[in-house]
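A.B. asks: Residue numbers (my numbering), protein chains in the order written: chain U, 1 to 525; chain R, 1001 to 1331; chain P, 2001 to 2331; chain E, 3001 to 3300.
Check the hints yourself; a few may be wrong.
Below, in silico cross-link-like pairs of lysine-lysine (DSS-like), each with a Cα-Cα straight-line distance of 30 Å or less [unchecked claim]:
id: 1; chain 1: E; residue 1: K3293; chain 2: E; residue 2: K3120
id: 2; chain 1: U; residue 1: K342; chain 2: U; residue 2: K399
id: 3; chain 1: U; residue 1: K342; chain 2: P; residue 2: K2169
id: 4; chain 1: U; residue 1: K270; chain 2: R; residue 2: K1329
id: 5; chain 1: P; residue 1: K2132; chain 2: U; residue 2: K21
Label-pair restraints from in silico Cβ distances [what the hints assert, rightly or not]:
id: 6; chain 1: E; residue 1: E3271; chain 2: R; residue 2: P1165; range: 34 to 40 Å
id: 7; chain 1: R; residue 1: K1169; chain 2: P; residue 2: T2187; range: 58 to 64 Å
id: 8; chain 1: U; residue 1: R381; chain 2: R; residue 2: K1169; range: 32 to 38 Å
id: 9; chain 1: U; residue 1: E265; chain 2: R; residue 2: K1225; range: 49 to 55 Å
id: 10; chain 1: U; residue 1: F368; chain 2: P; residue 2: L2035; range: 40 to 46 Å
id: 11; chain 1: P; residue 1: A2166; chain 2: E; residue 2: D3157; range: 28 to 34 Å
id: 12; chain 1: E; residue 1: V3276; chain 2: R; residue 2: K1169; range: 48 to 54 Å
id: 13; chain 1: P; residue 1: A2107; chain 2: E; residue 2: V3276; range: 54 to 60 Å
id: 14; chain 1: U; residue 1: E265; chain 2: P; residue 2: W2308; range: 32 to 38 Å
id: 15; chain 1: R; residue 1: I1176; chain 2: U; residue 2: F368; range: 48 to 54 Å
id: 16; chain 1: R; residue 1: K1225; chain 2: U; residue 2: T11; range: 54 to 60 Å
Hints were generated in silico from the structure; no laboratory data involved. On a predicted model such as this, the values are computed, not experimentally measured, just so you know. All residues carry an ideal CB built from backbone N, CA and C; glycine is no exception.
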Amino acid sequence: MDGTESLLRATAVSKSFPGVKALSDVHLELRHNEVLALVGENGAGKSTLMKLLSGIYTADEGEFFLNGERFEPASPRHAQELGISIIHQEFNLMPDLTVAQNIFIGREPRAGGFFLSERKLNARAADLIERLQLPLEPWSPVGGLTVAKQQMVEIAKALSYDARVLIMDEPTAALNEAEVTTLHALIRRFKSADTGVIYISHRMDELKKIADRITVLRDGQYVDTVDTAATSMKEVISLMVGRALRTDAQPEGVREDREVLLSVEGLSTKALLKNVSFELRQGEILGFAGLMGAGRTEMARAVVGADKADSGSIRVRGRPVRIQSPADAAKHRIGYLSEDRKQFGLMLEQDVNANITVSSLSELFSSFGFMKDRAMRAKSRQYVDSLRIKTPSILQTAKYLSGGNQQKVVIAKWLLKNCDILIFDEPTRGIDVGAKEEIYRLLNDLAAQGKSIIMISSELEEVLRMAHRIVVMSEGRVTGTLSAAEATQETVMHYATLRPDENPEDAAELGLELDDPARTVDGSR
Amino acid sequence: MTTPTATTETQPVAGGVSLSLRDRLQQFLAFASLLVIFVVFSIANSNFLTYGNVLAILYSTVVIGTLALGTTFVIITGGIDLSIGTGMALCAVMSGVMIVNLGVPLALGVLGTILFGGLLGLINGFNVAILKIPPFIATLAMMLVAQGLALVLSHSTPIYFNDVPAYSKISRGNLIPDFPNAVIVLTAMAVIAAVLLNKTILGRYTYSIGSNEEATGLSGIDVRKWKIIVYTFAGLFIGLAGVMISARLGSAQPATGMGYELQAIAAVVIGGTSLAGGKGSVVGTMIGALIISVLNNGLQIMSIPQEWQNVILGCVILVAVYADMMRKKQT
Amino acid sequence: MTTPTATTETQPVAGGVSLSLRDRLQQFLAFASLLVIFVVFSIANSNFLTYGNVLAILYSTVVIGTLALGTTFVIITGGIDLSIGTGMALCAVMSGVMIVNLGVPLALGVLGTILFGGLLGLINGFNVAILKIPPFIATLAMMLVAQGLALVLSHSTPIYFNDVPAYSKISRGNLIPDFPNAVIVLTAMAVIAAVLLNKTILGRYTYSIGSNEEATGLSGIDVRKWKIIVYTFAGLFIGLAGVMISARLGSAQPATGMGYELQAIAAVVIGGTSLAGGKGSVVGTMIGALIISVLNNGLQIMSIPQEWQNVILGCVILVAVYADMMRKKQT
Amino acid sequence: GGDEDGAAGGGDQKYIAIVSKGFQHQFWQAVKKGAEQQAAKEGARITFEGPATEADIEAQVTMLTNAIAKNPDAIGFAALDSKAAAPLLEDAKSRNIPVIAFDSGVEGDIPVTTAATDNKAAAAEAAKHLSELLGGKGKVALVVHDQTSKTGIDRRDGFVEWMKANAPGITLLPPQYGGGDQAKSADITKSIIASNPDVAGIYGANEGSAIGVVKGIEEAGKKGIKIVGFDSGKAQIDAIKDGTMAGAITQNPVGIGEQTVAAAMKVIRGESVPKVIDTGFFWYDKTNIDDPKIAAVLYQ
Ligand SMILES: Nc1ncnc2c1ncn2[C@@H]1O[C@H](COP(=O)(O)OP(=O)(O)OP(=O)(O)O)[C@@H](O)[C@H]1O
Ligand SMILES: Nc1ncnc2c1ncn2[C@@H]1O[C@H](COP(=O)(O)OP(=O)(O)OP(=O)(O)O)[C@@H](O)[C@H]1O
Ligand SMILES: [Mg+2]
Ligand SMILES: [Mg+2]
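Given the sequences, and given the hints that come with them, work out the whole structure.
C.D. replies: Structure, rendered in structure tokens:
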């Protein structure tokens, strides 16, 4: 191996899809022992480039070199054999298999030839999970895990290969600050004189922490590569979006005197939620913060009737309502955008138009049961433009959109539906900085029109920047409610890390009486 | 411009795309194959391409075609309906019981039969949507129940419509000279089904549910309600098929029907509708049904020994579907 | 610990979890229902719970059970196999041709027949995995081809194994006194299938492909190869079923077999295997097959009029599956 | 199990389990009716079962197994394939359950008696009449219900063999099989007419096939084709009455049912029965259809 040769190099790469030139004449260089961040707007071609490297697509033009040697990845397996391991933006997990089975798929420990050794498999997975300090259990079925945990399974799987090049396509989109920190530690341990990491992210704050250099793509073209240490994020952003962005914005229109629109009282579920109560006011953006598994998603699903609540009451405009399904919720003009766009958000095989209009079909686009095709398409086009969804046409099948653009489609669906209460669960997952600003603006506009918004987000900055008030959850409980003025990184984190079930002091602080006073501190904090 | 995945180029079949007729037809799996098969038979045997024989082909498509139309909706939602064959027999018997045994006026009896089919579908829909029984099992159960009830209600004897000569006219009459009513009925049903599937919210929700049932539900759509509607709608077609077959035969045959479900589902699937749901079209289904009847007719016209007919039928279906997949990949 | 979505509650059936036998049995859809049905019949009729009749039930499960075992694998991958019924008839004919007409020694003939079944499966697998023809169509085509070929090869006449009395012993003989060999064969096959599904990489990849085919491929597994293996494997069971049925009947019946596919698939699905793939178990399939034969036997033993038997069969299947779904939801 | 009264339960009422070749079709329903009538007359109880199609041999064997499990006083059995049932018949014999074969013979000496029609001879009779109707020349097609069952084969071969031997002027088209399904048989008939516009006569080998032929010719709008059918049923009787069908062969299904039960009761009572009971067949056409002797063997 020639020490001066870069670990991985791509030159003059081009790739087209029908109606889309995804990449043209792009180059990229990954050095040994570095983390190279790859950034660019949604649809810039980042994932496509990574799929070329990992043998899923073949390039129309261009060459790849690994340690100076030319290579053409022919299949995912081939790329793996060459030492290229990838975490895709969209999960590639088998929901019916367990965590351990997923991690070691294709490399199962055998008990002689054809037979599996499940014990060895679980032991090996337990080792790996322990080593990586991930909150996973080898034998839980992946289908039942939250998005964040599924992401961790992907991470564990990618790291379990003996890889030289580790590609991570938005690994942190579903993660919280704490887990992001864990992941960064893992990456730092991984990189060595023989290895390197390509890291794609839309979270600018983490690039400073993890990346050595940053390569910027725009509209399928190479823009520049900069040293992280020598460049400010503002500069990177303007390279990305071609203009400067304001990033110091504050919540808009914060007022105390609004009337209560939705009030939730004593909501509990069998699995997690304990006595969750909060109020949402007219024209308010109510942020929900918390660590992974705090129960925010579950709260939202219980409120819209997607999951069954054991107890609790919900009032809309002071009147008690019974919501047993999302369809009931829709009747009360409550909408829920799921954090899991692939499973619960999109109809991947349908076109963009169908996806955007589906929830408003019956109220906006139907007369006597017939669809108003033209009106639908006009609206879809309008949202494609205003959210700058990058797609060759509104009739493109949703699955061929880039991840961030898919997310925008889901958002457009809810912006179009005339809801009084919108519950947005991780709405900006995978969305680039520029488009985020656009979405924030739209949300502020909606609030200004008198709509009420619940914004669940794992990006604390986003919550602090948008929310009029913040509800903090931990372990299925509401541990604190903060006004915009009170809310800071520190206060939110304080409430988010209260663990009354394990820690009597925390319980006392929350004024809770625990059923099991014998339990003591387990030292996990 | 070649792409890695086969499906990439498929234009969205669901509504709204303004393409030329030729382009649209090209989208349907197996359309070219139907043409090729037709042309081959026309050349191979001079008796094939006659007005009478083409009518015979169309006429023989009516019952399977009607069943396949309703089933297309069910399959697009990701479900399946095994009860269509024996359900049709039960509806035919119902028609006989009402019109012959009870003396219900013809029009009312026909309407009643179609609605009775809807009732069977409604029960299927209830079992699938509310009780959450897998569609295969729910409709398998209905298949068995309908088979039994058809025998019970008819006392295992055919019911003859001899005293109601107008009944047979529904199928055999000629509102248009030299053109059997049954074919008109099938055509009208295909048009109605196509309009419903492409132009109405029923159709859109049918696709949505099949594409991603959970996402559709979270979009605020009452999935249970729409599934029940879809199965009920398919049931109406079962009822109509019951009328059409008993009108053709002049009698309600309680023992018939078993096996029709497989043929109807085959027509739907050959026509490009995916059993996984979310994709499909009425035109495709009609093409699929026609491929089967053209092949059956053509092989018989050419006097191929019958034991070979199935062998050839199987191979041609395979080649037809494969060829069309390839053709679509290339364009 | 219970979780919100329905799927969450399902314990992973695929290997690895060490649960008590009771817990494991409880997982299989319809197990409790089988017990209840069995007890009800035992109380209702004294002829039901006799050694002879229980054996008769088991014996009548052999052919469908064998077919269902292979099909379980195919369905877990998310596929389907419609060719098992007529394929079985073709294999039976092949066995007759080899052993009776060509005088191949018995053991060789049986082995040859099973391998011939594997060949049919291999062709299915090739069509599905390499040509990417939807499984429904690929196996439908094979169903038709096999049906025709069975007639062609046998000249539409049954082939009798009279001169090879040992052949019938495969099914009817008693290696264990008073216990037909066929039941031993089925039991052995079920054990082999269960081990393969739960303890080998074949089983693991079967689940994996059905769970997420794309992700499995991206994980570096040769999905095409494994799919071909699964279909071929199911084909071996078709071949074995061909041997078992012709040994039972003492003849290869070329026209039999149609409809067996539906019964076998029903057994698989009643046993809790999802047609969407990714989930299922061998024990479940055996329970499903037993439910069908116990019901058929019990209703006949109780001398229920035949037209009512299907009605009751349908209702009981529905109730059985529903009851078990409810029971599992509660625990 | 040796308890003799078995499922009968009701005192000393005798129980006869009948396993037939079919159940849903008219022909078998007529057999069932005859059996029930006779059973009522003799104070016996019967059950009557049969598989869905004549290809379901395994299902029939299972039904026979279950019938034996019920310990009946006698069994009536119409074998789809008598070899397949041989071990079960042995079993019945060892349990002293007498077996009465009906409709078609059962090989071996286990059946005490056989109440059956010679299908081949009956089909030959149909051929003879059709040949006479056509003046011994012309193209003749066959629509048969299936190509592997004994009735299907006999009714095809009986017809074909007679034509070959006795009617040199008649050209036979290859037989086509419609599964006894009326609609399918009608479609087949139309194809036959399309490819052989000069076809002069068509033979339908059972009720469904025969009615299918009638419907097919009607739908094709073709006149002058001579049809002969098999079995009866209202549609066929009507077709003969209005001249669409020239005539048909019928067996005596009700008689078969009656004779089967009567023979079974005799055996149970220890009386002797002849080895073979010929239940006969009849040609019927417009001229004799109202003849009481014929009317008695037709079912509607
Ligand atoms: N299989 C495909 N078929 C058609 N178009 C595609 C396909 N895959 C990607 N594209 C298009 O190529 C472009 C680049 O997509 P890519 O997924 O690489 O973007 P990205 O930079 O990863 O964006 P994001 O930040 O949103 O993930 C997009 O316009 C997308 O619509
Ligand atoms: N879709 C789901 N399927 C199964 N279990 C779930 C699902 N969603 C949530 N849970 C369960 O609920 C717990 C709380 O997760 P939830 O997603 O509600 O928390 P959250 O505060 O939204 O955190 P996250 O950042 O992970 O989304 C999880 O630990 C998990 O056990
Ligand atoms: Mg991407
Ligand atoms: Mg969440």
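A.B. asks: Run the distance test for P:K2132 versus U:K21: straight-line Cα separation, threshold 30 Å.
C.D. replies: holds (28 Å)
A.B. asks: Is 32 to 38 Å right for how far apart the beta carbons of U:R381 and R:K1169 are?
C.D. replies: Distance hint for U:R381, R:K1169 is violated at roughly 51 Å.
A.B. asks: Do the alpha carbons of U:K270 and R:K1329 lie within 30 Å of each other, as the hint requires?
C.D. replies: violated (50 Å)
A.B. asks: Does E:K3120 sit within 30 Å of E:K3293, going by the straight-line distance between their CA atoms?
C.D. replies: holds (22 Å)
A.B. asks: Should the hint that P:A2107 and E:V3276 are 54 to 60 Å apart at their CB atoms be regarded as holding?
C.D. replies: violated (42 Å)
A.B. asks: Between E:E3271 and R:P1165, is the Cβ distance one that fits in 34 to 40 Å?
C.D. replies: violated (52 Å)
A.B. asks: For the pair we were handed, U:K342 and P:K2169, check the Cα-Cα distance against 30 Å.
C.D. replies: Given pair U:K342, P:K2169 is violated - Cα atoms ~56 Å apart, limit 30 Å.
A.B. asks: Starting from U:K342, check that the Cα of U:K399 is at most 30 Å away, please.
C.D. replies: holds (9 Å)
A.B. asks: Do the beta carbons of R:I1176 and U:F368 sit within 48 to 54 Å of each other?
C.D. replies: Taking Cβ atoms as reference, R:I1176 and U:F368 lie about 30 Å apart, which means the hint is violated.
A.B. asks: Taking the CB of E:V3276 and the CB of R:K1169, does the distance hold inside 48 to 54 Å?
C.D. replies: holds (49 Å)
A.B. asks: Would you say the C-beta atoms of P:A2166 and E:D3157 sit inside 28 to 34 Å of each other?
C.D. replies: holds (32 Å)
A.B. asks: At the C-beta level, are U:E265 and R:K1225 separated by a distance inside 49 to 55 Å?
C.D. replies: Between U:E265 and R:K1225, where Cβ atoms are some 29 Å apart, the hint is violated.
This entry does not satisfy hints 3, 4, 6, 8, 9, 10, 13, 14, 15, going by the numbered hints stated previously.
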